[in-house]
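Number of protein chains: 2
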Amino acid sequence: MPIYKAPLDETLFLLNDVFQIGRYNNLPGFADASPDLLEAVLSEAAKLCEEVVQPLNLPGDKEGCTRHSDGSVATPKGFQQAFRKYSEGGWMGISAPAEYGGQGLPETVTTIVGEFLASASMAFAMYPGLTQGAIAAILRHGTAEQKAAYLPKMIEGLWTGTMNLTEPQCGTDLGLLRTKAVRQADGSYKINGTKIFISAGEHDLSENIVHLVLARIEGAPAGIRGTTLFIVPKILPKADGSLGAKNGVFCGSIEEKMGIHGNSTCVMNYDSATGFLIGEENRGINAMFTMMNEARLGVGVQGLAISEVAYQNAAAYARDRLQGRALTGAKFPDKPADPIIVHPDVRRMLMTIRAFNEAGRALVLWTALQGDVTHRSGDDQAKIAADDHMGLLTPVIKAILTDQGFANAVLAQQVYGGHGYIAEHGMEQFVRDARITMIYEGANGIQALDLVGRKLPKDGGRALQAFFAEVQGYLKTHGDDAMKPYVGPLGTALGHLQQATMWLMTNAMAKPDNAGAASSDYLQLFGLVALGYMWCRMVEAAQAKLAAGAASERMNAKLVTGRFFMERMLPETSTHLARIQAGAGSLMELPAEAF
Amino acid sequence: MPIYKAPLDETLFLLNDVFQIGRYNNLPGFADASPDLLEAVLSEAAKLCEEVVQPLNLPGDKEGCTRHSDGSVATPKGFQQAFRKYSEGGWMGISAPAEYGGQGLPETVTTIVGEFLASASMAFAMYPGLTQGAIAAILRHGTAEQKAAYLPKMIEGLWTGTMNLTEPQCGTDLGLLRTKAVRQADGSYKINGTKIFISAGEHDLSENIVHLVLARIEGAPAGIRGTTLFIVPKILPKADGSLGAKNGVFCGSIEEKMGIHGNSTCVMNYDSATGFLIGEENRGINAMFTMMNEARLGVGVQGLAISEVAYQNAAAYARDRLQGRALTGAKFPDKPADPIIVHPDVRRMLMTIRAFNEAGRALVLWTALQGDVTHRSGDDQAKIAADDHMGLLTPVIKAILTDQGFANAVLAQQVYGGHGYIAEHGMEQFVRDARITMIYEGANGIQALDLVGRKLPKDGGRALQAFFAEVQGYLKTHGDDAMKPYVGPLGTALGHLQQATMWLMTNAMAKPDNAGAASSDYLQLFGLVALGYMWCRMVEAAQAKLAAGAASERMNAKLVTGRFFMERMLPETSTHLARIQAGAGSLMELPAEAF
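Just so you know, the sequences run in chain order X and R.
Mapping to numbering that gives the first Met the number 0: the first sequence position 321 is 320, numbers consecutive.
Mapping to numbering that gives the first Met the number 0: the second sequence position 306 is 305, numbers consecutive.
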């Protein structure tokens with residue numbers, strides 16, 4: 000059985016020492032979140048994830064979800080009890096407004112708990128995760144009545160939520176959407192259509208499910224600007240809030256898929272279901288997009304979460320598994336063999352995962368804090384800057400944390416050798432579960448196009464310029480000897496990113512294919528620079544703690560791991576730059592039939 | 000359902016135009032293999048793989064193997080009939096000596112058919128693959144009586160074979176082996192012990208299974224130099240060749256694993272089983288190693304095979320799936336959307352796979368031909384050179400073709416978006432199946448250590464020097480304008496490999512950890528140079544054919560795909576060099592407890 004321990008110390012180091020969360024005390028909810036309270040809250044979350052949720056992950060994968068002939072779906076054994084504990088602990092609404100029953104703590108706390116939960120069981124974490132996404136959408140776009148009707152029940156965990164976009168003919172290109180909505184005399188709509196790949200579409204964890212459904216109102220314009228968002232409850236609530244009649248929405252089947260077997264991925268059939276408009280007519284895509292930035296950050300966190308738990312297991316196995324001898328001679332001559340952690344190549348795999356996880360978590364928290372500023376600050380300038388940051392970094396985080404999270408799950412599995420391929424150790428499940436994160440909420444190629452095609456040019460490149468200015472400013476003010484081994488390589492990598500940006504400006508305007516051909520490499524290059532910057536920030540904080548007399552193995556390890564990142568991971572920027580500068584030529588030359 | 004078409008034209012281009020197989024006509028079996036005969040034979044193989052085997056792959060994964068309470072194992076529906084067709088077609092012994100019922104064709108033909116078969120169904124292909132490995136071992140190390148007793152039945156496909164090495168406490172480090180052999184008065188041995196991860200250990204495809212079992216003779220020295228190889232038949236043959244008594248070997252259970260569900264991976268219990276010495280006492284590892292080079296080449300071919308079939312499906316999907324519009328404006332304005340192959344980033348994924356597959360196949364055939372020289376040439380000099388080549392290239396091929404084969408299966412799955420995660424399209428099966436190739440027959444980290452620690456220094460570096468001399472010689476004689484875009488980048492990459500080699504010579508003697516820390520990157524760097532060289536050879540042959548008036552889309556595509564490789568894949572060599580030169584420092588600094 001896999002192990003898991005939530006990275007509490009790491010998280011508190013980032014919050015308190017690297018990002019100095021106290022500086023955000025002017026925002027609502029932050030002053031309440033003192034270091035002591037944060038530690039207490041996160042310790043509780045850690046306990047729930049480690050003791051209640053994590054033990055369900057492996058058996059939940061094996062058992063999977065079961066659809067009965069009446070269309071109901073059973074989740075794996077234990078999921079109900081765990082979901083109840085999660086809800087009763089108040090975790091669903093930890094960052095939600097107090098007026099709807101939430102705790103009002105920073106959204107950053109939800110992000111952190113989301114990481115712990117997804118490490119413990121990604122399949123399980125998706126149920127609350129999707130509900131929190133639906134809560135955010137209703138908070139942002141719902142009427143006062145809708146908020147009052149849905150939010151308290153959802154925050155209590157009595158009702159859960161979903162997001163219904165995809166149809167068989169329509170994935171990335173939502174303009175191809177066919178699900179129909181017809182306005183009724185009472186102001187509601189009749190919804191008809193089929194949605195696929197609906198996570199948590201039907202299950203037995205809650206008494207009601209609130210579907211957010213993208214559909215096309217009869218007579219609406221074709222394409223993406225003719226889509227509207229609807230609330231379609233599985234059971235229609237009565238005026239007094241109690242449950243009324245069953246609505247015309249059914250789970251037609253559960254998809255057989257590679258992983259996340261504990262989460263029910265449903266084909267949902269809407270058969271004259273009653274839906275309620277949320278947000279504006281024909282502006283459904285805008286409502287989706289406000290949710291999507293957060294959902295994408297959440298998916299990035301899933302990638303990180305799997306990478307973290309996979310690392311912990313691989314490290315434990317490498318310390319325990321006796322096989323062969325160190326290249327420099329037996330380290331444990333009294334044992335039949337040395338533990339495989341003596342081997343540089345095993346350490347290469349472990350350090351690669353670790354150097355990524357620590358910086359990836361920093362990148363997530365840095366950005367989550369900006370999310371809080373966006374939603375809670377009263378300072379317009381600060382809000383704009385934070386929103387710019389979110390917009391720019393979200394596709395980067397989504398793609399690199401999931402690409403690398405998956406790659407790291409594969410590396411961690413490799414540390415186990417043949418045993419990694421066997422189900423009982425759980426390593427192969429991490430690989431199968433992590434795989435979907437590169438695909439859903441916009442496949443990573445779409446993230447790259449979003450970054451290059453939309454986020455870079457937005458507002459005359461304001462967000463990118465602010466990012467460059469911050470990193471350059473940091474490099475200028477941190478050139479001392481202790482920081483040189485870190486800021487030196489970061490400067491080189493930033494130079495590559497700037498060259499790549501310049502190349503895009505020169506070559507992609509007239510030939511958009513050059514932007515498309517460069518997009519994935521540009522995103523990876525951007526991600527490496529962002530991670531490198533996080534490493535500098537962490538090393539700086541670690542050096543300060545060490546200088547202040549904190550004799551800490553963990554702070555020493557930060558300096559070494561940061562060096563590993565600079566020496567062995569950051570140099571990839573040069574390859575990305577070379578690929579970008581190669582242009583679209585050899586990609587676009589062959590006719591489609593030649594493939 | 001996935002599609003598959005064996006790459007017949009590609010293979011014949013490599014055999015006839017690139018490697019000019021006619022030049023090997025002095026070797027036994029080659030003169031018979033005229034271009035016409037080769038085409039006929041390979042067309043037959045293609046037909047069998049496409050029509051009989053491939054349709055079993057997806058259902059076979061779903062059904063898996065079933066162990067009954069008596070220890071017998073049922074393979075998925077259809078495997079028996081397909082195996083019979085394979086055997087009756089003479090494919091098992093296509094390269095085996097005529098005196099035992101084989102066809103005597105080059106072993107290269109077996110390698111090619113092995114690729115087709117593993118593309119069609121890797122799980123199925125493992126049954127004949129392991130049998131061919133056992134045939135090779137008995138041919139090389141068996142007595143005349145053993146050959147007569149086993150080979151004809153195995154070549155006929157009536158009996159199959161396995162390889163029994165791994166035990167729970169003993170994977171890479173075979174010196175930890177515990178399975179015991181005790182000599183009996185009649186010269187046979189009693190074998191006792193437990194073996195795990197035994198592919199095709201028990202099944203219903205053959206009337207007998209010939210297990211090759213590594214064990215330790217009572218009183219043998221500890222460690223790897225006390226291990227001996229035994230033939231342990233599931234059913235003991237009588238003197239007349241007919242089947243006699245059941246031997247003391249049983250399948251204890253089938254492993255639940257990530258993929259290759261159609262192949263039975265067994266725990267094998269040896270309970271006073273009767274075994275027969277093969278090869279010399281306490282030299283079992285030598286016998287294993289002669290098999291292993293070929294087995295490792297075969298596993299590399301599996302990686303390539305999955306990459307090929309994954310590519311074919313991804314390319315077909317990209318041509319068909321309508322979603323979004325080209326960045327340069329609608330290409331098919333009459334359709335609701337353009338096929339996704341219009342997108343540069345989709346092409347990036349497809350071209351990456353394709354550029355790898357074509358060069359990977361070349362690398363395999365180049366090396367397989369050297370294998371034929373090793374085994375069949377009468378010229379000692381030629382044999383030594385070919386053996387050097389095999390020894391040097393085998394770990395490289397095993398590791399890069401499986402690392403990249405897996406990565407390519409993931410890329411191909413990505414082209415499918417969400418549909419790639421759903422079982423029915425078969426793309427996720429390719430990922431799960433390919434994953435094991437990076438692990439078995441020596442995990443890829445072990446291949447890297449074999450290359451750097453054993454193959455480079457062997458015979459004063461003779462093999463490496465020969466490789467360098469060949470590539471350098473080629474670069475010198477192919478500097479014309481048409482070849483410049485190819486030999487230029489190859490020259491740079493070769494320079495990186497030479498710098499890396501120099502760095503190893505300078506830094507790894509005194510500090511072996513520097514070799515271990517560099518090994519995986521050195522192997523990848525080596526692989527890129529070898530693939531780059533293959534691209535030059537292919538481009539040269541394509542240019543010659545085009546110059547000779549062969550107006551061929553396929554030859555034009557070679558020039559474009561080769562350019563893609565040079566521009567976008569080969570530049571990775573610089574990152575590998577940087578990592579190698581970083582040394583072992585940041586890897587080895589942390590204490591084991593810090594992980």
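Note that these hints are calculated values from the structure, not bench results.
Treat the hints loosely; a few may be bogus.
Note that identical chains are pooled: a pair holds if it fits in a single copy or bridges any two copies.
Said to hold, decoys possible - Straight-line alpha carbon distances no greater than 25 Å define the calculated DSS-like cross-link-like pairs of lysine-lysine that follow:
1) Lys179 <-> Lys245
2) Lys510 <-> Lys334
3) Lys61 <-> Lys76
4) Lys179 <-> Lys334
5) Lys510 <-> Lys237
6) Lys4 <-> Lys237
request  = Measure nothing new, just compare the shortest in-copy and cross-copy C-alpha distances for Lys510 and Lys334 to 25 Å and report within, between, both or neither.
outcome  = between (64 Å within a copy, 24 Å between copies)
Alpha-carbon proximity context of Lys4 and Lys237, limit 25 Å = Intra 44 Å, inter 59 Å, cutoff 25 Å: neither.
ask   = Between Lys510 and Lys237, at a C-alpha cutoff of 25 Å, which is it: within one copy, between copies, both, or neither?
value = neither (56 Å within a copy, 75 Å between copies)
inquiry  = With identical chains, the pair Lys179 and Lys334 could be close in the same copy or across copies; at 25 Å between alpha carbons, which is it: within, between, both, or neither?
reply    = between (69 Å within a copy, 21 Å between copies)
Within, between, both or neither, where Lys179 and Lys245 count as close if Cα-Cα is 25 Å or less = Answer is within: at 20 Å inside a copy they meet the 25 Å cutoff, but 67 Å across does not.
task = Pop the pair Lys61 and Lys76 into one bin, within, between, both or neither, using alpha-carbon distances up to 25 Å.
result = Both: 11 Å inside a copy, 23 Å across copies.
Hints 5, 6 from the list above are not met by this structure, while the remaining hints are.
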